[in-house]
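Student: Since the structure of chain F is provided, determine the placement of chain V with the ligands on it from the hints.
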Amino acid sequence: MADTALERTSPTRARVEWALVVLGILVLIAAPFTIYPFFLMQVLCFALFACAFNLLLGYTGLLSFGHAAFFGGAAYFCAYAVKSWGFSPEAGILLGVLGAAVLGVVVGFFAIRRQGIYFAMITLALAQMFFFFCIQAPFTGGEDGIQGVPHGFLFGFIDLNKPLAMYFFVLAVFLISVFIIWRIVNSPFGMILKSIRENETRAISLGYSVANYKLAAFVMSAALAGLAGALKANVVQFATLTDVAWQMSGEVILMTLLGGIGTMVGPIFGAALVVSLENRLATSGFPVQIVLGAVFMICVLLFRKGIVGEILAFFDRRKPRE
Amino acid sequence: MTPASAASEQSDSNGSRVVLSARGLRRDFAGFVAVRNVDLDVGHGKIHALIGPNGAGKTTVFNLLTRFLPSTSGTITLLDQDITRTPPAKVARLGLVRSFQISAIFPHLSVLDNVRVALQRQNGLGVQFWRSLSALDDLTPRAQELLERVGLANARHHMAGDLSYGRKRVLEIATTLALEPKVLLLDEPMAGMGHEDVAVVAEIIRGVAENCAILMVEHNLTVVADLCDWITVLQRGEILAAGDYATVSSDERVKTAYMGTADD
Ligand SMILES: Nc1ncnc2c1ncn2[C@@H]1O[C@H](COP(=O)(O)OP(=O)(O)OP(=O)(O)O)[C@@H](O)[C@H]1O
Ligand SMILES: [Mg+2]
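Top to bottom, those sequences are chains F and V. Using the numbering used here, read the first sequence as starting at 1 and increasing by one per residue. Using the numbering used here, read the second sequence as starting at 1 and increasing by one per residue.
Here chain F stands alone, though its shape is the one from the complex:
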């Protein structure tokens, strides 16, 4: 696990980590000049989704199987507000985030009462209810979804019809959000979340009302997943049932596991890998789900901690013991 006092005592390692972060940001800034921005933006949206999910699974130890509801729900709210009410992009996104947070309160309230697989099943059941609501509700446009969401002007003057403007907007939101997640994880509150993940009964016996902590983490994760969904609706200019379907909940689990649970950058790599594979396969005629399933199996068998998790573990093993 990449978060012990051990690391804070090792300044060289901290310096290497910061250098890598800066390098990563520089790569992301340069990327749209060589890689198709639309593809990059999709990667960033899913990467944010996976990071939000990882806040819950990796740092609180809660496996939600209903995160599509927050991602897709926010996409619908945002798309509808922007298209039908003429909301600005930022206002639409804000509305999506709020909607996802409210959904998170409702789903979380019922789910945190149960543990393990029951927790996952309740989140799945409630997300499915939301899925059927989205099929029935008139504002979602049923099978067609909400199409043709205008890009509009960010803060009234940045024209998001320009791909690069849109890209840097998405990148900024992504970086700020990842920073927020990093801050939550490495905060006094995050420490309590980790203790709950590590040993829930012990956390209770130390006087922590774990239900409140779990609910808070759940709502934060849902809101950030919503941010990813709303952002994606702005990028691709539509919101459809795909975003709220259970397969989307499965996909974010896959991304997080592939990259490495409980690591800061693992889910980002996992998302990039899955989105790239899907893009490649979409044009190749291979059945996407089967290939993804196979990749998943291989990774689970070869790198149990995920790709980034294994790399970190490799360096941890080489680190001399005190």
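Any given hint might turn out to be false.
Said to hold, decoys possible - Quick look at which bits of chain V chain F covers, simulated, 3 or more residues with Cβ under 8 Å:
| hint | segment |
| --- | --- |
| 1 | 109-116 |
| 2 | 132-142 |
| 3 | 186-192 |
Claimed, not checked - Residues on chain V that point at chain F, a partial pick, calculated with CB under 8 Å:
| hint | residue |
| --- | --- |
| 4 | 66 |
| 5 | 69 |
| 6 | 88 |
| 7 | 97 |
| 8 | 104 |
| 9 | 105 |
| 10 | 106 |
| 11 | 120 |
| 12 | 121 |
| 13 | 125 |
| 14 | 126 |
| 15 | 128 |
| 16 | 129 |
Derived by calculation from the structure, the hints in this document are not laboratory data. Yeah, the Cβ is synthetic: ideal placement off N, Cα and C, and Gly gets one too.
Tutor: Coordinates of chain V with the ligands only, in the frame set by chain F:
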């Protein structure tokens, strides 16, 4: 606080103030009665032992007292406050803190962080999700003190999960003490420890008991004889005998039911 509550009348050997008391405690598990009719009084500054053969219901009594399990019937009073329906985290906040039979630590946190997590709440550092971890630096001296007390100061940057079994147990004691409990429940704190560690932990417990009440489950009768002021013997969920060591160890029923097999 009313110094002379009903429970205080039946205080233990030396008549110290009763801080934790239970009356008629009972717990059923699907038709099986694990704990029946248990009355207990734990006095301030006293060490009270709960002994009994395996499966007697000692851990279940701990779970009932700390509200980790709801009792089927009976009442629990902590510092003159009825806690029979209080949620377990609240019970801990009121000062009744427990350790676990299976050592309960946070394996992927450092030894230091294990103790600091316990210190966070009383220092108002539970909910700050916007502050950096350096906010916890203020807790380090106190955590360090506690680790020194149990002899773990050198291991503070180790991952807790990497400690040996005995050291995990003393780490658990250090985190428990961090809460400055008024009543401490220790479930076999010395189980699986070597001789020296047993002596160290016995000394820690004796020191803590000076301004705290302790109820402990312990199989090692030498330790019990040496450390405890009062002993309650549990068998098949019921109290078989209670009294000081001399009284209990000379009790015929206890001899046949428990001591007879425990001497070897
Ligand atoms: N959650 C539970 N569900 C069903 N039965 C239980 C449960 N917890 C405990 N029991 C039963 O209650 C009885 C008492 O168990 P308990 O763990 O309290 O014993 P103990 O005195 O602590 O034993 P030991 O010395 O082995 O720790 C046992 O028969 C046990 O099987
Ligand atoms: Mg037990």
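Student: Take the hints in turn and mark each one as holding or not.
Tutor: For each hint, the structure was consulted:
1. 109-116: This one holds; 5 residues, not fewer than the three required, reach chain F with a Cβ under 8 Å.
2. 132-142: That given contact holds, which follows from 4 residues of the segment 132-142 of chain V lying within Cβ reach (below 8 Å) of chain F.
3. 186-192: Violated - the segment 186-192 of chain V has 0 residues with a Cβ nearer than 8 Å to chain F, which falls short of three.
4. 66: It holds, given that the least Cβ distance between residue 66/V and chain F is near 7 Å, below 8 Å.
5. 69: At about 11 Å, which exceeds the 8 Å cut-off, the nearest Cβ of chain F leaves the hint on residue 69/V violated.
6. 88: Residue 88/V check passes; min Cβ-Cβ to chain F is 5 Å, inside 8 Å.
7. 97: 7 Å, holds
8. 104: Hint holds; residue 104/V Cβ to chain F Cβ min 4 Å, cut 8 Å.
9. 105: Since chain F brings a Cβ to about 7 Å from residue 105/V, closer than 8 Å, the hint holds.
10. 106: 4 Å, holds
11. 120: 6 Å, holds
12. 121: Since chain F brings a Cβ to about 5 Å from residue 121/V, closer than 8 Å, the hint holds.
13. 125: 4 Å, holds
14. 126: Since chain F brings a Cβ to about 6 Å from residue 126/V, closer than 8 Å, the hint holds.
15. 128: Holds - the Cβ of residue 128/V comes within 8 Å of chain F, reaching about 5 Å at its closest.
16. 129: 4 Å, holds
Violated hints, listed in ascending order, are 3 and 5; each of the other numbered hints is respected by the structure.
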